[in-house]
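Build the complex: two chains, separate frames, hints provided.
Top to bottom, those sequences are chains A and B.
Residue numbers for the first sequence follow my numbering, beginning at 1 and rising by one.
Residue numbers for the second sequence follow my numbering, beginning at 1001 and rising by one.
None of these hints come from the bench; they were simulated from the model.
Values in this document were obtained by computation on a predicted structure and should not be read as measured data.
There's no promise every hint is true.
What the hints assert, rightly or not - Below 30 Å or equal to it, Euclidean Cα-Cα: the simulated DSBU-like pairs (lysine-lysine) are:
#1 B:K1031 x A:K34
#2 A:K196 x B:K1049
#3 B:K1049 x A:K191
#4 B:K1031 x A:K252
#5 A:K194 x B:K1031
#6 A:K34 x A:K298
Said to hold, decoys possible - If the Cβ cut is set under 7 Å, some of the chain B residues that face chain A in the computed set are:
#7 P1024
#8 D1025
#9 G1027
#10 T1032
#11 E1059
#12 T1061
#13 R1064
#14 Y1074
#15 G1081
No residue lacks a Cβ here, since even glycine has one placed at the ideal position from N, Cα and C.
Below, each chain spelled out in residue letters.
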Amino acid sequence: MPVRLADFPRVRYGMPGNAACPGCPETMGLRYVKMALGDDVVLVIPAGCSSVIQGYTPKSGINFPILNIVFASAASAASGMQAAFESQGKDTTVIVWAGDGGTGDIGFQAMSGAAERNDNIMYICADNEAYMNTGIQRSSLTPYGAWTTTTWTGKKEHKKNIPMIMIAHEVPYVATATVGYPQDFIDKLRKAAKIKGFKYIHLLAPDPVGWKFDPSLTAKLGQLAVQTGLFPLYEYENGKLTVSVFSRLYRKPEKRVPIIEYIKVQGRYAQLMKDPEKIKGLEEEIERQWKWIDILEKSSNPSSVAQQIIKENK
Amino acid sequence: MTQENSTLIIKDAETYFVVPISRPDFGSSGKTGSWRTERPVVNEEKCTKCLYCWLYCPEDTILRREDDMVYVDYDYCKGCGICAAVCPVNAIEMVPEVKRGEN
Chain A
1 MPVRLADFPR
11 VRYGMPGNAA
21 CPGCPETMGL
31 RYVKMALGDD
41 VVLVIPAGCS
51 SVIQGYTPKS
61 GINFPILNIV
71 FASAASAASG
81 MQAAFESQGK
91 DTTVIVWAGD
101 GGTGDIGFQA
111 MSGAAERNDN
121 IMYICADNEA
131 YMNTGIQRSS
141 LTPYGAWTTT
151 TWTGKKEHKK
161 NIPMIMIAHE
171 VPYVATATVG
181 YPQDFIDKLR
191 KAAKIKGFKY
201 IHLLAPDPVG
211 WKFDPSLTAK
221 LGQLAVQTGL
231 FPLYEYENGK
241 LTVSVFSRLY
251 RKPEKRVPII
261 EYIKVQGRYA
271 QLMKDPEKIK
281 GLEEEIERQW
291 KWIDILEKSS
301 NPSSVAQQII
311 KENK
Chain B
1001 MTQENSTLII
1011 KDAETYFVVP
1021 ISRPDFGSSG
1031 KTGSWRTERP
1041 VVNEEKCTKC
1051 LYCWLYCPED
1061 TILRREDDMV
1071 YVDYDYCKGC
1081 GICAAVCPVN
1091 AIEMVPEVKR
1101 GEN
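Isolated chain B (complex conformation) (with noise of 0.2 Å):
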């Protein structure tokens, strides 16, 4: 981010201010996926695209492809399982995350 996208700056003329102003940008707490301690899984088979796992993430991390079948952003995800729950035909699986250095 340069420092010209973060910073409002107002010229008059006599006077120079610098307003710190923050913009909307994916990330701002950094990669959250890494909070995460189960991912959800999409099973395309069961999948019946009627979008409830879109409507309800409060991350926007589940997107639509095309043919509007789900799928998810594993950088930002945080694994709350709010798609899982509202998923009608259980489509969607907690799978839990391997633990680092297992692998």
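Only chain A is shown next, with the shape it has when bound in the complex (with noise of 0.2 Å):
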């Protein structure tokens, strides 16, 4: 289902005045999910950027009811806080809006186990690719040659691909989006709440702090990431991967906008400018991800994608 801005009612989504920085990302996630989804929702997050936007009390910079809650536990609380609901007779989405450091490092128990038990509740990571509310450490989504206050030479290795490990859990819903393509992530959130199991969705968020580059470049670069085949967008349903539209055309690599054009605006990439070798590592990243993508469109069954993966290492 295509989304028409105009349909929607001229009213706030977000709630201005939050303590996020200017050109944040998160704050343009969250206003989409309330887009997308409504009142009857209920987040869970676990600590990062968005427990610092909700702001002083009495007031809540963030237009939801929270629960806020430690890194390792996020994914089970939002799955008790599910059962409760279900059991009260209620139809309240309950949400994870975690960070990139609470999902892929140090939540990743929680929500595997969740992933697991198929309990109903949406995982959403909103990736800036490090932990920027510390500080900017590095994190294991950081992405290849990226600088951070720990790797200030640039990080050595590649970025963790959550998506497809959640993709080999075998969950109802998985499906990459960004900040840049707003009417793509509002589509996907629509479709994943309609459906009953674990679902998860990644969310590349372009952080101006971070990956230090101009606060109104946050939806552009969100763009770029797609245009350059870096970050693809998909969704994979009932064992059945789908490259999502905004992506389809970039699929060919004589298609794709070169990487110089994502790297050479941001920051943490100045690295990766004074040595063109290393810009290689981020084009195998591009390559890697392509490459699963082909597997799994191929064949939908993942035992078979194993098999095959075997036989070509053989």
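Dropping the structure here:
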């Protein structure tokens, strides 16, 4: 279902006057959640930027009821909350809104557990590719070559592919989205809300502070990440992977925007700009992303994928 | 904000708890318009009412009139400039704020 902007009522979805930095992608993302799902939503937020955005008591800067909780138990708390709603006969959507550290590093066991139990919750990872709240430390989702305060010559390892790990859990719905294409994100949220079971959406959130770019480019960089092929948009539903409309054009390498366009506006890639040899590391990351998509598209059954990989490695 | 609004009181037969609770409201960090160094100004002649600025604004400070013409809430706009960057017809211009005491 395509999203038409003029159809949205003239109400305020966000909460102005919060503590977010100018050009914050998380407040953008939270606004789209409100646009897509309406009022009957409860957020569970582990430590991260989203806990700070709320501002000072007695006011809250996020337009949802929120349970603030520790990193390691976000998904389990959401499971419990959903069970409580279900026993009361309520149809409330419970969403975990976590950062990349809360998803890929510290909160991973709780998320993996909830996915394995197939609890009826939605998990949104707002991926800004480092621990931005505590002062830009490296996380396992920081991409190759990026500067952080703990990898100041550029990270040497590759980014962990969390959406593919979630696909391997065989949950009903996995999708990637970015704040650069809100229509796509809203569409995926609406689709996910109708599905029963564990839903995972990976939202790329370009962060002006940690990525060191001009705050006005937040949306533009979200789009560039898709156009360079670095962050393909796809959804995995009922064992079938489909590449989303906005990403389909950039499937062929010759159609993609050169990766240098994405790198040169970000201060965190200053090391890569000095040493062009290292840009190959990021190009490898693109190839790896699309290789997985190709494999999964060809065979919708994950176990046959594993067999294929074993065959290739022999 | 009243005391009733900011706290949740749970009464039992024997126990009495007061739980501090925040409720969504404007300006949880004050009037954030004072953070701004540049202000967005909408050129109503150029505007095609595509609503991209309204869609992308992180703060929800771009508002729609009845005819879908947009205007800016300067009390809370932080001046990030996303609206000007996404506008396809360049109808939004970022104008530097006047320094305090200069006017």
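Okay, the hints, checked on the actual structure:
1. B:K1031 x A:K34: With Cα atoms ~23 Å apart, K1031 (chain B) and K34 (chain A) stay inside 30 Å; holds.
2. A:K196 x B:K1049: Not OK: K196 (chain A) and K1049 (chain B) at ~38 Å, beyond 30 Å, violated.
3. B:K1049 x A:K191: Within the cut-off at roughly 28 Å; holds.
4. B:K1031 x A:K252: At roughly 47 Å apart (the allowed maximum being 30 Å), K252 (chain A) and K1031 (chain B) break the hint.
5. A:K194 x B:K1031: Cα-Cα ~38 Å, so violated.
6. A:K34 x A:K298: 35 Å, violated
7. P1024: 5 Å, holds
8. D1025: 4 Å, holds
9. G1027: 3 Å, holds
10. T1032: T1032 (chain B) check passes; min Cβ-Cβ to chain A is 5 Å, inside 7 Å.
11. E1059: 5 Å, holds
12. T1061: Holds: closest Cβ of chain A sits about 5 Å from T1061 (chain B), inside 7 Å.
13. R1064: Hint on R1064 (chain B): holds, closest Cβ of chain A at ~5 Å, below 7 Å.
14. Y1074: This hint is violated: Y1074 (chain B) lies away from chain A, its Cβ roughly 11 Å from the closest one there, beyond 7 Å.
15. G1081: 3 Å, holds
The earlier numbered hints that this structure contradicts are 2, 4, 5, 6, 14.
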